[in-house]
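Residue numbers for the sequence shown follow our numbering, so the first one is 1 and each next one is one higher.
Careful, some of the hints might be misleading.
To be verified - For lysine to aspartate or glutamate, the following EDC-like pairs were computed, each having C-alpha atoms within a straight-line distance of at most 20 Å:
| # | residue 1 | residue 2 |
| --- | --- | --- |
| 1 | Lys51 | Glu189 |
| 2 | Lys140 | Glu79 |
| 3 | Lys142 | Glu79 |
| 4 | Lys8 | Asp166 |
| 5 | Lys263 | Asp252 |
| 6 | Lys58 | Asp193 |
| 7 | Lys142 | Asp132 |
| 8 | Lys327 | Asp3 |
| 9 | Lys293 | Asp258 |
What the hints assert, rightly or not - Beta-carbon label-pair distances, calculated as ranges:
| # | residue 1 | residue 2 | range |
| --- | --- | --- | --- |
| 10 | Asp131 | Asn39 | 39 to 49 Å |
| 11 | Glu32 | Thr99 | 27 to 37 Å |
| 12 | Asn39 | Ile128 | 42 to 52 Å |
| 13 | Lys263 | Ala217 | 24 to 34 Å |
| 14 | Gly112 | Ala254 | 32 to 42 Å |
No lab work stands behind these hints, which were simulated from the structure alone.
The beta carbon of each residue, even a glycine, is placed where N, CA and C say it ideally should be.
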Amino acid sequence: MIDLNLLKRLCLATGISGDEENIRKIILSQIEGYVEEVNIDNLGNILALKKGKSKPSKKLMISAHMDEVGLIATYITEEGYIGFSAVGGIDEKILLGKTVLIGERKISGVIGVKPVHLLTAEEKLSAIKIDDLYIDIGAKNKDQTLRYVSLGDFICFGSDFKVNGDIIMAKALDDRIGCMILIDLIKSELPFDVYFSFVVQEEIGLRGSTVASYKVAPDSAIVVETTTAADIHGNDDKVCSIGGGPVVPFMDRATVYDRDYYKIAFDLAKKHGLKIQTKTAIAGANDAGAIHKSRGGVKTIAISVPCRYLHSAYSLANIEDIENAEKLVLKLIGSIF
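Make a model of the complete structure from these sequences and hints.
Below, the structure written as structure tokens:
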């Protein structure tokens, strides 16, 4: 069974790209005493060595990213409203009316726009742009806002963590699910020594994984991620579905995955009765895009949990998919060499 309390802590903590300290503290507290070595590099990645029953002939790295998408304060109007830019890929359409938490003090605000009854006919037909939006904290003017908010403050969704049967709904499931799985694996007995990397700034260009893979210099890598599930109303191209098991892609926009590892994953899932699926669209990317090109090249596979509504205030994931993803990663550790 997955540790829902740990996943809740990870999801509710703030950790936008470039501001992962809160997540890093949780992870370090969880893996203390379970790893032989732990280092934090200059970018903020956690690099940890977990000893297994024996030393493998090649070096394996398992990676997940700590950061989430969010916003950053860029200006404050004379009336006290806060302008912002996106940190990572966020669709403007999902922002309107969302509650947010601003800065280290977690100041509450709501994302607003000119109300519909004040719009011109032309404005009603126009798509919402991020420059049209603002955050309202209820301040009377700019000076009052500046008592609580500074330019450059990170802003995250003010979401809760909900469990509805076998479904989890929360912000930042991308990729706190991966972080939780790595923590659980570190606490487990492993067949071989494994290097674990909890990396930063995936959402703004795979930056942490570029540094981590160069430092660790692995021969092989498993990226534990989430991926877009498109089994939603009005979409005929399902791509992959929640409840269908972990997703093992053969290719995305940044990586052509190792074909041997891809076959091994499906063979292992069949042997051990685990649900598994592939992604039928060549779309998206993850830290594998940086890792597989590191140094002399790294044989890489991604194991992803399908989630609906990624990069929004609430994503949806299936508990069984998460459990099967962790089981598959554990089986892979003992099988890919």
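Which hints, by number, does the structure contradict? Hints that this structure does not satisfy do not exist here, as all of them hold.
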